[in-house]
Amino acid sequence: MSRLLINTYFAVPVQFFVVLGLTISMAFSAQASDLRLAVNDTKGRISQYAVVTLKPLFEGNWPTPIAHSPQMKQQGAMFTPFVMAVKVNTSVKFPNLDEFRHQVYSYSKAKKFKLRLYGKDESKEVAFDKVGIISLGCNIHDNMLAYISVTDAPYFVVTDSAGFAEILNVRPGKYQLSIWHPNQKNRKQNFTQPITIATDDVVMNATLELRRVGRKQKPPEDGNY
Amino acid sequence: MLHLLLLSVFPLLAEAGSLSNEFYIDSRFTTSTGEPGWLDGGLGKSRFGGDVDGESNDHFHLAELAILTQWEVSWDLKGFLHLQYDPGQTVKEDVIEGYFIYQPVPQSDFTFRFKTGLFFPSISRENTGPAWSSPYTISSSAINSWVGEEIRVVGFEFKIIREGEMGNLAISASAFGFNDPTGTLLAYRGWSIGDVKAGARSQLPLAELPAIGLDSSFVPQPYWVDPVKEVDNKIGYYFALDWKSHQPIEIGFLYYNNRGDPDVVEDYQYAWGTEFFNFYIEIELPKKVTVISQYSLGSTIMGGQIAGTQTWDVDVDYSAGFILGSKKAGRYRVSVRYDWFDTDDNSHVLIDNNNENGSAVTFAVSMQLRKKDLLIAEYLIIDSYHPARTTIGYLAQQETKAFQMSYRFFR
Ligand SMILES: [Cu+2]
Chain A
1 MSRLLINTYF AVPVQFFVVL GLTISMAFSA QASDLRLAVN DTKGRISQYA VVTLKPLFEG
61 NWPTPIAHSP QMKQQGAMFT PFVMAVKVNT SVKFPNLDEF RHQVYSYSKA KKFKLRLYGK
121 DESKEVAFDK VGIISLGCNI HDNMLAYISV TDAPYFVVTD SAGFAEILNV RPGKYQLSIW
181 HPNQKNRKQN FTQPITIATD DVVMNATLEL RRVGRKQKPP EDGNY
Chain B
226 MLHLLLLSVF PLLAEAGSLS NEFYIDSRFT TSTGEPGWLD GGLGKSRFGG DVDGESNDHF
286 HLAELAILTQ WEVSWDLKGF LHLQYDPGQT VKEDVIEGYF IYQPVPQSDF TFRFKTGLFF
346 PSISRENTGP AWSSPYTISS SAINSWVGEE IRVVGFEFKI IREGEMGNLA ISASAFGFND
406 PTGTLLAYRG WSIGDVKAGA RSQLPLAELP AIGLDSSFVP QPYWVDPVKE VDNKIGYYFA
466 LDWKSHQPIE IGFLYYNNRG DPDVVEDYQY AWGTEFFNFY IEIELPKKVT VISQYSLGST
526 IMGGQIAGTQ TWDVDVDYSA GFILGSKKAG RYRVSVRYDW FDTDDNSHVL IDNNNENGSA
586 VTFAVSMQLR KKDLLIAEYL IIDSYHPART TIGYLAQQET KAFQMSYRFF R
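The listed protein sequences derive, respectively, from chains A and B.
Numbering-wise (my numbering), the first sequence opens with residue 1 and increments by one.
Numbering-wise (my numbering), the second sequence opens with residue 226 and increments by one.
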């Protein structure tokens, strides 16, 4: 069991949330509520790139989310975004915005592949058909690194640069909240916590045990592509 | 011959689009005081030294021009060719590096990399820029100046990199030839602080010391060295271990042994028995501050074994180290380096004194210009004690001060 700490409270820390929360709660009152989460590590540092998922602990029909085509870009010998979450069976586009080649690969269990991206505007797609974490590399640029989290949860989101995540219009009920971070200390053990969503919005805080310095995608040295 | 072969084979075999060329031009202004440089017949430590009378010597010149060709043969196989024009060398056009890398896409946490051709063993932590330049300073540290001048191998290198939770661990091993005369410069000239890069055909000068020369009664070493040459037909080797932590720290070591047979001579060039260790640590601190340190120690022998001893006619132990701190701020970079170096002669000191010790301080400021061009200025002070200087009319203790400004054009 991870030593993660959750404080549930109803204070809203940012004004922005008040406005947004009001709008949404007016529209969906009594049917759905929002979950807002601030993620940090045990030293109190903001945790960007945490993948937050909500899995229902009850039966129900879950419509497939609106199709969007997520993009894992190659730009300036870097992947963007560094962490992406997608629903299982989603096709992710790999557009190359650089003038030069990339050779993107994964040897993760959930999806092994290699993609050859010749040059600018070349784009390829990979369908991720298994749940799991995929780590991406490039065989030409050692510095390139990114993660795709493939999930079957109906709700998922990645924390932003302020360590915030929000999931809107969550159906009331009991859920398992799970958080994965590329630099979590115990790679096998995600942060988990059962939570109940009732008619009120939930604002909470999660503390992850992260490595002091984790794997990062470094920008390439100047002129050294 | 080698360069002609590579030059003609590269474009012929290449498909359109898989070849890319880059040009690197280093225009240099130098003013330096002290004894004449080692390329001008002296025992000076910098690439461009002072006048014979110790007066300052101003040069405005082309330091080098390089053509860097990358050839993507296939996704797993790449070729790289580095040609140089250096007007200050005896052989002006030369091949500095020319090799192929085969690296299949990883199927597990292990990456396998196979390299073959003419290349630098990965010793230098400074020379990471285009055409083996340093982004920190104009003149490399004593250790890496020597690597540029004398350490080049023709052979194979096999590297295994393991990606782990805490970082990457790499093991490399190499078998090579064509690096037998290595050690000559350290013994007869001592260390230097500069940026001379030898190539496949290079012939680098030695000062006309009474202890050497083809008609010397001691050992018939001519006043030059061909660093990239096979003499004894024995295979040398090196191996290295590198640890790159996800914490911003990298450490590693390399052991090199050319297994030179010190008795064998070909075309006036001895096979020097040269071996050394190199250790490094590199730390990325917050606010774009980098700290790099290297330390090398080794020995070189040449000629016959002296009866009843474990020493050879030329038998020199050597060591050198540096610590470099650098900070980047936008387009600017400021670097400071302290070097110390030493050679310790074990034989015939009375007639052929190859002892030396010294230190150097280097300050450099650089500015990134449009595209990939770099303007870099450096102030260098080298202090050294080298008794063999007295045999060619200089004081054993010398101080060289040099200011250099370089415009590095890179497209
Ligand atoms: Cu790439």
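It is possible that some hints are incorrect.
Heads up, simulated DSBU-like pairs for lysine-lysine below, C-alpha to C-alpha not over 30 Å straight-line [stated by the list, open to error]:
(1) B:K303 to B:K317
(2) A:K188 to B:K469
(3) B:K626 to A:K216
(4) B:K317 to A:K216
(5) B:K317 to A:K120
(6) B:K596 to A:K218
(7) A:K93 to A:K124
Everything labelled a hint here was simulated from the structure, so no lab data went into it.
Here's how the hints hold up against the structure:
no.: 1; hint: B:K303 to B:K317; result: 27 Å, holds
no.: 2; hint: A:K188 to B:K469; result: 23 Å, holds
no.: 3; hint: B:K626 to A:K216; result: 42 Å, violated
no.: 4; hint: B:K317 to A:K216; result: 43 Å, violated
no.: 5; hint: B:K317 to A:K120; result: 38 Å, violated
no.: 6; hint: B:K596 to A:K218; result: 20 Å, holds
no.: 7; hint: A:K93 to A:K124; result: 6 Å, holds
When held up to the earlier numbered hints, the structure conflicts with 3, 4, 5 and fits the remainder.
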